[in-house]
Amino acid sequence: MDTLLFSLLNGVIYGLLLFMVSAGLTLVFGMMGVLNFAHASFYMLGAYFAYTLQGVLGFGAAVVVAMLLAGGVGAVVERFFLRRVHHHGHAHELLLTFGLSFIVAESIKLLFGNFPVNYQVPAALDGSAFSLGGQQYPLYRLLMGGVALAMFALLYLLLTRTRVGIIVRSAIYRPRMVEALGHNVQFVFMGVFGVGAALAGLAGAIAGAFYTTSPNMALEIGVMVFVVVVVGGLGSLAGAMLASLLIGLLTSLAVGIDHSLADLLGLLGARAWAEGVGGLLTLKLSSLASTLPFALMLLVLLLRPQGLLGDKS
Amino acid sequence: MSSFRLAALPAALLIASAAHADAVKIGLLETLSGPQASTGQTFRAGVRFAIDKMNAAGGWNGQPVQLVEYDNQGGPAGASDKLKAAIADGVQIVVQGASSAIGGQITEDVRKHNLRNPGKEIVYINVGAEALELTGEKCNFHHFRVAPNAQVRTKVLVKGMKEANALGKKVYSINQNYSWGQDMEAAIVDNAAAGGYQVVEKTLHDTNKIQDFAPYIAKIGSSGAETVLTGNWSNDLLLMMKAAKGAGLKATFGTVFLDQPGNISNAGDTALGHFIVHAFNGEAGGADGERFVADFSAKLGRPPVFVEPQTAFGLDMVADALRRTKPEGGKLNVNAFARAMETARVKTPMGEASMRAADHQILMPLVVSTVTRDARYKVDGTDMGFKPVKVFSAEDAAMPVQASCKMQRPS
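Chains as they are written, first to last, in our numbering: chain A, 1 to 313; chain B, 1001 to 1411.
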């Protein structure tokens, strides 16, 4: 029972972290139609900014400044790079962000080296929140989850309950009309891209201390973030939340399940045959835990190509 | 930044000696870019150090030995491509270490090349691909492993931890799901009787793809294991240690790659009391150990870490074999070199190491160390380091030749 509770909690928190990173990606895609390959690079930038500033500003302030800096870099990328290639179509934008992700990763390697840097959770937050059945639950994980939830609530309210949200949403569907009404659509796009990058930066600054801050972190989370966005539906914030939680829970719970297809066939009396065949049939579910999200993505693409909460358009 | 200047050094050597036609070329086929570049670059540092030493001692046949570096981009396909390029460039000795998957590809490619091109053989010096099959069913005359393997590492680790009274009765085995991790798991199970423990649970997981190890740590915690034995490397070890710290897991870790840079600093105090089996510990090697650390630091600006010492010792073995191979018409006869390699013997700071002709597996001394604050050499800029627990001689560490190895020698 304790184990199950731990697995559920672990899954939810990891899911919330995935949401923090994927929120920006899905937001930018929904608003601008740009599939941003460099999105996870902002996650990495956030972590390295916070690591660098931590000594000067302290942890809390470093996280906030790192978020703002990542957002600033995002805004610059939109203003001076993406906007120039925008009229060439999406393929060019995609290639540009793809190249950018390499440039960021290599620059980080040049400046900070190839190995993980020593970015740590501050001592004050480095305790356990509670313990259950002899195992402790880290306080910092709860904090990560809390930040993600607050972020979701804020974003949701901003988009649905404020004038800014109205302008942003209408700029997506009818940019010319919004422009004719006197709003600066280019500025809106820059803002959205910057906010998306800032959210990824925030996630990086927070998660980098808990996991690792290394030049590979963008690559490691980047793939999973794409899976989240595809499963949830491109452009859907609520979909990203749902998919993140689903994937977090799926990977966490699968680790605890040591059954294989052979066990299932055993119910039908064919265990000996299955064990003789080996291969896929005797592969334990637990050893596939981190592959399951991709299976889920495949399933979603087959059955509901627009994603769980995506629009059909 | 000093690595840039050092990087220019072999290039300068290359240009300087390009005029001579028959210098021996050693090709390094390593992962020098991409996510696992950090591992490949440590192998490179060890190789550069050893080759500089070879050349300082006069090179071979009156000429400096040339080092040519190729980036295999982290995969078997890239390695296969770059091996062709190396052969075209006239490389006769290929060196690689990071990843058994890549090692498996290279040894097969080398075997096929040598079958098809008699008289133009090449030889593969394996400095770190530790999967058993390379000296088992895939063993061949032109492959030499100058690194330990899963069986040897686990045997020594278990013995060392048992003698230090750090080995619990309940052991959890967690490894990466590919040839190396599977070998480690098998070896951990095989050593249960010798170590007097019971393997309570075994886990194989995806390699360097997992971000969140908390579910695995929860599983280890609920299994009641007192000791965790693992062959994990890179992120899979680092993230596991961090997750163990977060969950307050009380188990002792027995590891193979805890000395990879970044691990100790990231794990912090959690690392204290954990164990590692490695090829070199400066503190255990007496005056020779100190001299090796000093030499290495003088050349590379930092003390040797991770796989660098074992790579340097392996290349010393190549130097020993080269010394005993006479040029034939000004050229290196690779088969003669390989035969010399079979009887190669070097003195490392940890003791005598020699090549076993039967399966081309090095027999080398290994050290079991534990992380403490009173170690002589601190690592990662922390106040912690590896304190030697026990040095095992090459004979103590050795495991018998695998029955699956059928070595075919050229007549």
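Don't read these hints as lab results, they were simulated from the structure.
Be a bit skeptical, because a hint or two may be false.
[What the hints assert, rightly or not] Short derived list, chain B residues pointing at chain A, Cβ under 10 Å: (1) G1034; (2) A1056; (3) G1059; (4) N1061; (5) G1062; (6) H1113; (7) R1116; (8) N1208; (9) Q1211; (10) K1242; (11) L1249; (12) D1288; (13) T1382; (14) M1384; (15) P1388.
Values in this document were obtained by computation on a predicted structure and should not be read as measured data.
Beta carbons: idealized from backbone N, C-alpha and C, even for Gly.
Now the hints, each set against the structure:
Satisfaction of the interface hint for G1034/B is found here, the shortest Cβ-Cβ separation to chain A being roughly 9 Å, below the 10 Å cut-off. A least Cβ separation of about 28 Å between A1056/B and chain A goes past the 10 Å threshold, and the interface hint is therefore violated. Annotation: G1059/B was flagged as interfacial toward chain A, and the flag is violated, the nearest CB pair being 30 Å apart, outside 10 Å. Look at N1061/B: its Cβ only gets to about 36 Å from chain A, farther than 10 Å, so that hint breaks.
For G1062/B, the interface hint is violated, the least distance from its beta-carbon to any beta-carbon of chain A being 37 Å, above 10 Å. Given hint, H1113/B at the interface with chain A, is violated; its Cβ is 32 Å from that chain's nearest Cβ, farther than 10 Å. For R1116/B, the suggested interface contact is broken, since its CB lies about 33 Å from the closest CB of chain A, more than 10 Å. The interface hint given for N1208/B holds, since its Cβ lies 8 Å from the closest Cβ of chain A, which is under the 10 Å cut-off.
A distance limit of 10 Å between C-beta atoms decides the matter here; for Q1211/B the minimum to chain A is near 6 Å, and the interface restraint holds. Here the hint on K1242/B is kept, as its CB sits about 7 Å from the closest CB of chain A, short of 10 Å. Because the beta carbon of L1249/B sits about 8 Å from the nearest beta carbon in chain A, less than 10 Å, this interface hint is met. The beta carbon of D1288/B is not positioned within 10 Å of any beta carbon in chain A (closest approach about 28 Å), and the interface hint is therefore violated.
For T1382/B, the shortest C-beta to C-beta distance to chain A is roughly 8 Å, which falls under 10 Å, so the interface hint holds. Because the beta carbon of M1384/B sits about 12 Å from the nearest beta carbon in chain A, more than 10 Å, this interface hint is broken. The criterion of a C-beta within 10 Å of any C-beta in chain A is not met by P1388/B, whose closest approach is roughly 24 Å, and the hint is violated.
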